[in-house]
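Read off the chains here:
Number of protein chains: 2
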Amino acid sequence: MTDPLLPDCDDTRFAVLLETAAREASGLWLARRRPGLTNPDARSTLPDLRDLPLPLEALSAELAGMLASATPRGTDPLNLAYIPSSGNAAALIADWFAAAANLHTASALLSPQGVALERDVIATVADFLGYGQPCGGLLTGGSSLANLIALTAARDAAFPGAGKEGLTGLPPGRLYASTAVHVCIPRAAQVLGLGQDALVSASSSDPDRIDPTRLREHLRADRAAGLRPVAVIATVGTAATGAIDPLAELADVTRNEQVWLHVDGAYGAPAAAIEPELARAMAAADSVALDLHKWLFQPYETGCLLVRDARALATSFSFRADYLDLPHGELDPMQLGPELSRGLRALRIWATFRCIGPERLREALRHCMGLARLLSDSFSESSPLEVCAHVRLSVVCLRLRGSERLDCTRADPMHRKLRDCLASASPPILVSTLRLGDRLVLRMCFVNPATRADEVTYLVERLEACARKVNPVTGDSLPQSIATGIPSQNA
Amino acid sequence: MTDPLLPDCDDTRFAVLLETAAREASGLWLARRRPGLTNPDARSTLPDLRDLPLPLEALSAELAGMLASATPRGTDPLNLAYIPSSGNAAALIADWFAAAANLHTASALLSPQGVALERDVIATVADFLGYGQPCGGLLTGGSSLANLIALTAARDAAFPGAGKEGLTGLPPGRLYASTAVHVCIPRAAQVLGLGQDALVSASSSDPDRIDPTRLREHLRADRAAGLRPVAVIATVGTAATGAIDPLAELADVTRNEQVWLHVDGAYGAPAAAIEPELARAMAAADSVALDLHKWLFQPYETGCLLVRDARALATSFSFRADYLDLPHGELDPMQLGPELSRGLRALRIWATFRCIGPERLREALRHCMGLARLLSDSFSESSPLEVCAHVRLSVVCLRLRGSERLDCTRADPMHRKLRDCLASASPPILVSTLRLGDRLVLRMCFVNPATRADEVTYLVERLEACARKVNPVTGDSLPQSIATGIPSQNA
Numbered sequence: 009m010t011d012p013l014l015p016d017c018d019d020t021r022f023a024v025l026l027e028t029a030a031r032e033a034s035g036l037w038l039a040r041r042r043p044g045l046t047n048p049d050a051r052s053t054l055p056d057l058r059d060l061p062l063p064l065e066a067l068s069a070e071l072a073g074m075l076a077s078a079t080p081r082g083t084d085p086l087n088l089a090y091i092p093s094s095g096n097a098a099a100l101i102a103d104w105f106a107a108a109a110n111l112h113t114a115s116a117l118l119s120p121q122g123v124a125l126e127r128d129v130i131a132t133v134a135d136f137l138g139y140g141q142p143c144g145g146l147l148t149g150g151s152s153l154a155n156l157i158a159l160t161a162a163r164d165a166a167f168p169g170a171g172k173e174g175l176t177g178l179p180p181g182r183l184y185a186s187t188a189v190h191v192c193i194p195r196a197a198q199v200l201g202l203g204q205d206a207l208v209s210a211s212s213s214d215p216d217r218i219d220p221t222r223l224r225e226h227l228r229a230d231r232a233a234g235l236r237p238v239a240v241i242a243t244v245g246t247a248a249t250g251a252i253d254p255l256a257e258l259a260d261v262t263r264n265e266q267v268w269l270h271v272d273g274a275y276g277a278p279a280a281a282i283e284p285e286l287a288r289a290m291a292a293a294d295s296v297a298l299d300l301h302k303w304l305f306q307p308y309e310t311g312c313l314l315v316r317d318a319r320a321l322a323t324s325f326s327f328r329a330d331y332l333d334l335p336h337g338e339l340d341p342m343q344l345g346p347e348l349s350r351g352l353r354a355l356r357i358w359a360t361f362r363c364i365g366p367e368r369l370r371e372a373l374r375h376c377m378g379l380a381r382l383l384s385d386s387f388s389e390s391s392p393l394e395v396c397a398h399v400r401l402s403v404v405c406l407r408l409r410g411s412e413r414l415d416c417t418r419a420d421p422m423h424r425k426l427r428d429c430l431a432s433a434s435p436p437i438l439v440s441t442l443r444l445g446d447r448l449v450l451r452m453c454f455v456n457p458a459t460r461a462d463e464v465t466y467l468v469e470r471l472e473a474c475a476r477k478v479n480p481v482t483g484d485s486l487p488q489s490i491a492t493g494i495p496s497q498n499a
Numbered sequence: 009m010t011d012p013l014l015p016d017c018d019d020t021r022f023a024v025l026l027e028t029a030a031r032e033a034s035g036l037w038l039a040r041r042r043p044g045l046t047n048p049d050a051r052s053t054l055p056d057l058r059d060l061p062l063p064l065e066a067l068s069a070e071l072a073g074m075l076a077s078a079t080p081r082g083t084d085p086l087n088l089a090y091i092p093s094s095g096n097a098a099a100l101i102a103d104w105f106a107a108a109a110n111l112h113t114a115s116a117l118l119s120p121q122g123v124a125l126e127r128d129v130i131a132t133v134a135d136f137l138g139y140g141q142p143c144g145g146l147l148t149g150g151s152s153l154a155n156l157i158a159l160t161a162a163r164d165a166a167f168p169g170a171g172k173e174g175l176t177g178l179p180p181g182r183l184y185a186s187t188a189v190h191v192c193i194p195r196a197a198q199v200l201g202l203g204q205d206a207l208v209s210a211s212s213s214d215p216d217r218i219d220p221t222r223l224r225e226h227l228r229a230d231r232a233a234g235l236r237p238v239a240v241i242a243t244v245g246t247a248a249t250g251a252i253d254p255l256a257e258l259a260d261v262t263r264n265e266q267v268w269l270h271v272d273g274a275y276g277a278p279a280a281a282i283e284p285e286l287a288r289a290m291a292a293a294d295s296v297a298l299d300l301h302k303w304l305f306q307p308y309e310t311g312c313l314l315v316r317d318a319r320a321l322a323t324s325f326s327f328r329a330d331y332l333d334l335p336h337g338e339l340d341p342m343q344l345g346p347e348l349s350r351g352l353r354a355l356r357i358w359a360t361f362r363c364i365g366p367e368r369l370r371e372a373l374r375h376c377m378g379l380a381r382l383l384s385d386s387f388s389e390s391s392p393l394e395v396c397a398h399v400r401l402s403v404v405c406l407r408l409r410g411s412e413r414l415d416c417t418r419a420d421p422m423h424r425k426l427r428d429c430l431a432s433a434s435p436p437i438l439v440s441t442l443r444l445g446d447r448l449v450l451r452m453c454f455v456n457p458a459t460r461a462d463e464v465t466y467l468v469e470r471l472e473a474c475a476r477k478v479n480p481v482t483g484d485s486l487p488q489s490i491a492t493g494i495p496s497q498n499a
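One line per chain: the protein sequences are A and B, in this order. For the numbering used here, count along the first sequence from 1 and bump the result up by 8. For the numbering used here, count along the second sequence from 1 and bump the result up by 8.
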């Protein structure tokens, strides 16, 4: 069969070119798993699209060259910056098949296999996290969208007429979360027409957590003032430190006050698979959003929304389209969120559970938490570094010991230098800096099961060497007395 | 390098398994391009995820079996139902590399290569469609989301305080479109808190088009009544018939009335690449949404939003995140829409333009329109079928001649039978039924460049044979006199 888009190729030629492409793409994946690739400038490697068309047989080599050292590289076991996506070989193979099959996952009638796969995956993920049944949900590109979808449903449950008539003339809605809530939540409040000001912090002294007593007071005072509580957003694993809201107590409050409880578990929700108490508490939530590309070893664009009652999603998103002439399948994926022609995101998760299985996934989660504990236990009082946030999951935050007594304008650049020093180690270690309160600190996140304990040892060694380098006795540095924890007379 | 998720595999083993996977996935793609696959039941082919993990070496064969005949199959040249996604070999190769590289496309600092690719692609698509510069935009999973993003920006431009304070207490917003507007638009109105009732039809006698005079009257009357016009949504290529709104006249109205003009060109926008007048008119729009998986030969989840001024998107979606500690890049992709960790959707479009080039893409668009004309010119007055909607792009709607004089309860089932009759031809032809006004009709959509003129001849032959079969002289049928166009005394 010839192809007018690529007239030089028949099926035999395509078969040869696809095989070459696959070999090159395999090589790319294998190479990108190893530590130590350099990261040259991006633009210099991009050919000009206005040139004459490139023959298809030259495409693979060109793409391999463009992507070999492209960032971020979540497969690098020494990449601990932000929240890397490690992916896995079963998911990669599934993605290749998904690309070759090019199914969409809109409705059971149009795409029975895709929808069956997605439903299997939703149920499997819900079981894995102890969220249990009944449960519906949806795969999304990411948890930002999953959070937006859940909050749309919560808003339409709180304002039953708003879907038709809009929010004008209705009482202001309110969302409640901790101060550490992810930026996608105020963004969702804006999209939904509630406005960013609708999001209220229910934290007390600890900005990482909602204070349940404070929350109850807020809810009652707001109701009394004529405002309409829409949802409480509990975070399971903040992006900054991995902190977890007091879910069980929050669930008591939201049940008594009849407010939607949504869990943003983008990074941390998988911990429920190895912590039965967390799972039980999370199961009380009306909805849970998570990114399987964060801590369930999937490639990017593997977000997921679980909901206790999928009909709540259908209330916000269900439609009838004459042009489809289909029986109305209320709980079809296209009726549960804002996307219609959705691809086959489910296949990679399906293949992961099929070939790796829940037991090894749990082991990998424990392994990541173990690495974080190993790292955080590595700093004695004589170390130039110290842990500066509670290590709850697999994130570790460190600061130069004593730097909290320096002015930010001196301490912050030191932490950036420390980060850059690690990046220039051989092999390089990638960590991120993070503003915690008003102080910049170092942050390391373990979500790659391929990272080994001896690599944490290497990390500690480089961390301490770099800390001593950015903190010499003279120069732009901490006073040595502060750095060693001994109060300085000059401090 | 070993992998604790798949402990039986080292890199050598992975290389072998990936090569096997690629060979099987290539075979799947080649097989799915040919007409005539049967479509067995979905569920029967799905293995149980609760079984013991499957060895990775068995995954490829299992996936190939699951997906071989899965629907929909947009590569089948005889699949003319709904709007199939044909994909192409360059895009497939790019998707394989994108899966192997697993980049995200969030910010130029975190993912320089991914962002550079996406910016190149946005500019290239804008040039291809004659939308020109200055232009910003965003790739999305689909045009439903692209439309939602554009309308968020339009709403926040119309209600400058709403992003912060919400819509409560503000005047009701209004959206204007034709009666044939896609279902994702009222859905977006609901998500945005405007409410589905905010969407007003500005059609007059022709439900497929906005009447510019009527629109102007609506805008002025609504403003006078204290309502707030938010956007006019012009459709370029309705899902039903491919109709196009009178863009140039609408642009005059929206310019004079200072309202955001958004084009939903999900299916039809690529026609601007071969129709300079359409391109000029579309270039006056503030934003254009399209699905490159519809009529630009991409696989699913290749939506795109073009905007004249990307800062309008940043007003709605830009945020600062302490946990990222990044310089604020206002026009980073993650600042222009609701998604944060976005994958490398750009690569497949990039590879398509790189290896196929704009000229062959234009030829393919003309080819599809030519097939639609060829089909619609095939029905003489003696045919049992007739064209029942203006053929503007590459969609053809047909009905049984004379069926409009029958009651719907008789005529509709005949059209479904006709559809089913085509599906049981050998090789099968897939068409969809569609409600046009209150009548069911047959709809065929040509978006696959691999469909040949002789396949249209085969289609016409099967159409007429099937029409005669569902319309015998006796039985559940049209009176023969009606079917041949001669008025019946009994009608």
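Just so you know, not all the hints are guaranteed correct.
If you anchor each label on the Cβ, the simulated ranges turn out as follows [said to hold, decoys possible]:
#: 1; chain 1: A; residue 1: PRO421; chain 2: B; residue 2: SER209; range: 58 to 66 Å
#: 2; chain 1: A; residue 1: ILE282; chain 2: B; residue 2: GLU371; range: 52 to 60 Å
#: 3; chain 1: A; residue 1: ARG447; chain 2: B; residue 2: ILE282; range: 15 to 23 Å
Keep in mind that the hints were calculated from the coordinates and are not lab data. Ideal Cβ positions, reconstructed from N, Cα and C, are used throughout, including at glycine.
Now the hints, each set against the structure:
no.: 1; hint: A:PRO421 with B:SER209: 58 to 66 Å; result: holds, 60 Å
no.: 2; hint: A:ILE282 with B:GLU371: 52 to 60 Å; result: holds, 56 Å
no.: 3; hint: A:ARG447 with B:ILE282: 15 to 23 Å; result: violated, 58 Å
This entry does not satisfy hint 3, going by the numbered hints stated previously; all others are met.
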